[in-house]
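Given the sequences, and given the hints that come with them, work out the whole structure.
Line by line, the protein sequences are chains A and B.
According to our numbering, the first sequence holds residues 1 to 116 in order.
According to our numbering, the second sequence holds residues 1 to 116 in order.
Derived by calculation from the structure, the hints in this document are not laboratory data.
A hint or two may mislead.
[Unchecked claim] Derived SDA-like pairs: lysine to any residue, alpha-carbon spacing no greater than 25 Å straight-line:
| # | chain 1 | residue 1 | chain 2 | residue 2 |
| --- | --- | --- | --- | --- |
| 1 | B | Lys-104 | A | Gly-41 |
| 2 | A | Lys-103 | B | Glu-103 |
| 3 | A | Lys-68 | A | Ser-80 |
| 4 | A | Lys-103 | B | Ser-24 |
| 5 | A | Lys-103 | B | Leu-116 |
| 6 | B | Lys-62 | A | Gln-2 |
| 7 | B | Lys-44 | A | Gly-43 |
| 8 | A | Lys-68 | A | Val-37 |
[Unchecked claim] If you want a taste of the chain B side facing chain A, the calculated C-beta under 7 Å gives, among others:
| # | residue |
| --- | --- |
| 9 | Tyr-33 |
| 10 | Glu-41 |
| 11 | Gly-42 |
| 12 | Leu-43 |
| 13 | Phe-45 |
| 14 | Phe-91 |
| 15 | Thr-95 |
| 16 | Glu-103 |
| 17 | Leu-105 |
| 18 | Phe-107 |
| 19 | Gly-108 |
| 20 | Ser-109 |
| 21 | Gly-110 |
For each residue, glycine too, the CB sits at the ideal point set by N, CA and C.
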Amino acid sequence: AQSVTQPDIHITVSEGASLELRCNYSYGATPYLFWYVQSPGQGLQLLLKYFSGDTLVQGIKGFEAEFKRSQSSFNLRKPSVHWSDAAEYFCAVGAGNTGTASKLTFGTGTRLQVTL
Amino acid sequence: NAGVMQNPRHLVRRRGQEARLRCSPMKGHSHVYWYRQLPEEGLKFMVYLQKENIIDESGMPKERFSAEFPKEGPSILRIQQVVRGDSAAYFCATTQGGSGPNEKLFFGSGTQLSVL
Numbered sequence: 001a002q003s004v005t006q007p008d009i010h011i012t013v014s015e016g017a018s019l020e021l022r023c024n025y026s027y028g029a030t031p032y033l034f035w036y037v038q039s040p041g042q043g044l045q046l047l048l049k050y051f052s053g054d055t056l057v058q059g060i061k062g063f064e065a066e067f068k069r070s071q072s073s074f075n076l077r078k079p080s081v082h083w084s085d086a087a088e089y090f091c092a093v094g095a096g097n098t099g100t101a102s103k104l105t106f107g108t109g110t111r112l113q114v115t116l
Numbered sequence: 001n002a003g004v005m006q007n008p009r010h011l012v013r014r015r016g017q018e019a020r021l022r023c024s025p026m027k028g029h030s031h032v033y034w035y036r037q038l039p040e041e042g043l044k045f046m047v048y049l050q051k052e053n054i055i056d057e058s059g060m061p062k063e064r065f066s067a068e069f070p071k072e073g074p075s076i077l078r079i080q081q082v083v084r085g086d087s088a089a090y091f092c093a094t095t096q097g098g099s100g101p102n103e104k105l106f107f108g109s110g111t112q113l114s115v116l
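Below is the structure:
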């Protein structure tokens, strides 16, 4: 069975500092990997996704993530954080061999706090 | 083009009552996924429906929970005889279909169910 681990429950960074959110997955085949952001009281918004090809994926809002098969990781990065980035971030894996990428397994999330 | 609409946003029920959660997909979307988010946890897949058909209900509790997506109207997630443990945020997500990289999932803002 597939699983996703986000080891950091809370992270606090200063505005303008760099950010890296960790995500490790467990899946037997080539996974579909996603990062979503959830603001309070809102649904999830897709930041970026990886299916194949270039292992460095660019997303919206200046985020990027790198797929490292050898480490089973898909860490999310941003070079300079803005106060509006404060939110909950979820990593997710989809079963790439079922014909649908939308039955997702989510991690427990990382809550990002940004100090001014 | 309206997004995925869920209502109500907040639903309060007493133990033993029924809860009905509605999800209206984006225009042109015929695939609906329901996810549940318990406090301090990530989203958990519940059920996947296409118009008039349940495709995958492997994440649904065996009792009291049911889902439908009729030919006309919204998808409904029904919880009978609610218990306190049902208190959670319920999200639906919809897609046009397709597979793999072509499938783009859009989330609603969720229904927060509180059971007293």
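- request: Under 7 Å, Cβ to Cβ, is where B/Thr-95 needs to be relative to chain A, so tell me if that hint holds or is violated.
  value: OK, holds: B/Thr-95 within 7 Å of chain A, min 6 Å.
Taking 7 Å as the limit, does the beta-carbon of B/Ser-109 come near enough to a beta-carbon in chain A?
-> It holds, given that the least Cβ distance between B/Ser-109 and chain A is near 5 Å, below 7 Å.
Checklist line | Pair hint A/Lys-103 and B/Leu-116, alpha-carbon separation not exceeding 25 Å | finding: 31 Å, violated
Need the status of pair A/Lys-68, A/Ser-80: alpha-carbon distance at most 25 Å?
At roughly 22 Å apart (the allowed maximum being 25 Å), A/Ser-80 and A/Lys-68 satisfy the hint.
Margin query: Given the hinted pair A/Lys-103 and B/Glu-103, is their Cα-Cα distance within 25 Å?
Written below: 11 Å, holds
Status of the hint placing B/Leu-43 at chain A (closest C-beta pair under 7 Å):
5 Å, holds
How about B/Phe-45: closest beta carbon in chain A under 7 Å, or not?
5 Å, holds
Q) Is B/Lys-44 within 25 Å of A/Gly-43, Cα to Cα? A) Satisfied, since the Cα-Cα distance of roughly 14 Å is no more than 25 Å.
**Q.** B/Gly-42 as an interface hint toward chain A, with CB separation required under 7 Å
**A.** With Cβ-Cβ at 3 Å, under 7 Å, it holds.
### Query
Going by Cβ atoms only, is B/Phe-107 closer than 7 Å to chain A?
Given a least distance of 4 Å, the restraint on B/Phe-107 holds.
Check: Holds or violated: are the alpha carbons of A/Lys-68 and A/Val-37 at most 25 Å from each other?
Finding: 21 Å, holds
**Asked** Holds or violated: B/Glu-103 as interface residue toward chain A, Cβ cutoff 7 Å?
**Response** Result: holds, 5 Å to nearest chain A Cβ.
The structure is inconsistent with hint 5 alone, although it conforms to all the rest.
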